[in-house]
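Trainee: Sequence:
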Amino acid sequence: MADKRGPFSAIFALLNAFDVWLARRYYVLSRAIGRSPKAVAVGCCVVAALGLLCFLLLVREENRAEKLYFDQDSEAAKVEKRYEDIWEKKGLRVGSVLLVWRGDFGGNVLDVQQFKAAYSIFSELYTLPFDYNGRQLTYEDICFRPSGPGTPCVVTSIFSAWGIPPLDQSVIDGVTTRQEILDRLNDPAAMDHRNEPLVESLPSILPKVKRDQDGDIIEATSFQFTFVTSGSEDKALEFEDAFVKAVLDPDTDEYGKIGGFNVYPVTESSLNNELDKSTSEDFPLMVVAFVVMVNFAITVTLKVGNLVRSCTGLATLGVFGVGMGLITGFGLGVLFGVPFVSIVGTAPFLVVGIGIDDMFIQIATFDEQDPDEEPEERVAKAMQALGRPSP
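Numbering (numbering that gives the first Met the number 0) for the sequence shown: 0 to 390.
Accuracy of the hints is not assured; some may be wrong.
Said to hold, decoys possible - Computed list of lysine-lysine pairs in DSS-like fashion (alpha-carbon distance at most 30 angstroms, straight line):
(1) LYS37 - LYS115
(2) LYS244 - LYS234
(3) LYS207 - LYS244
(4) LYS234 - LYS80
(5) LYS209 - LYS256
Everything labelled a hint here was simulated from the structure, so no lab data went into it.
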């Protein structure tokens with residue numbers, strides 16, 4: 000035990016006085032609760048119900064990392080806003096899809112068959128309809144056009160070398176040999192659909208290429224299409240949702256196999272969607288956890304030889320009390336404008352573990368009190384003992 004004499008004696012005395020004061024507050028509060036247990040129980044239920052109501056009515060989900068983890072009043076955020084205002088580049092979002100032939104990351108996609116199969120997928124995504132406020136929109140309605148309305152969208156694909164978009168099936172049908180594809184990709188004067196040098200976008204079009212001794216492309220392991228959206232974030236989110244669903248297997252919810260390709264979509268909301276999915280899938284586990292903890296609490300606190308002193312009912316209510324505390328906490332948070340984050344879905348498991356542990360300590364301390372005293376006195380002394388650690 001630390002020596003309380005010396006230069007720190009005043010600090011130890013202050014801490015001890017605080018412990019005594021805190022224990023006394025626990026005693027007074029607990030005795031008051033013990034005199035009116037029913038009123039307190041009803042009050043707790045009402046508060047929990049109000050918390051649940053607040054959560055259901057006011058919950059606002061926010062999973063954008065730039066909003067959650069970066070100071071919106073920081074100098075960097077202000078510079079970014081000024082940049083967007085000057086260049087009118089607001090709400091830019093990027094979605095991409097990777098096409099791997101038969102799932103073989105060591106294969107080669109620069110062949111006529113793969114080229115035409117990839118175009119079918121590209122044209123389907125480019126013209127993919129999605130619903131927004133009762134209107135049917137496509138990518139062209141929300142794409143980023145850096146040169147203004149009516150100019151080409153910012154979308155990268157191998158087909159940019161053939162001036163696509165706009166979509167033109169006859170151009171693709173005119174490609175009949177592998178050498179034609181290679182000649183166009185290796186042409187230093189080739190321009191894309193936005194009349195910009197093709198060589199600048201090749202790294203984002205063809206990941207992991209192989210070149211010959213002259214530096215010309217001869218193979219590529221996959222195709223990559225990138226779609227850039229601008230303007231309304233709500234529209235972009237609807238497009239991203241339709242974009243991902245279009246390349247997922249509807250039966251297994253796994254990445255789809257389309258036209259011989261394994262298709263892997265990535266959007267700016269992909270991580271958030273996976274977090275939402277994982278936390279929503281954990282809800283049945285949370286229910287199971289509460290059921291298991293109730294049974295565990297009953298088993299641990301049951302005194303077979305002395306049923307009168309068993310605290311099974313108290314233990315069960317303790318588990319439900321933890322749940323009510325969770326609901327109240329979530330409701331209070333949204334009431335003060337705190338957004339709900341997907342990762343918060345793991346909180347119940349942590350709180351249940353810690354809360355149940357404290358409940359067992361409270362019951363054990365309550366059992367140590369004199370059974371001949373009035374219940375409210377036993378409760379008050381138990382909480383007083385918990386409020387001040389033993390010396």
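Trainee: Look at each hint and say if it fits the structure.
Mentor: Structure-based check of each hint:
no. : hint            : result
1   : LYS37 - LYS115  : violated (74 angstroms)
2   : LYS244 - LYS234 : holds (16 angstroms)
3   : LYS207 - LYS244 : holds (26 angstroms)
4   : LYS234 - LYS80  : holds (20 angstroms)
5   : LYS209 - LYS256 : holds (25 angstroms)
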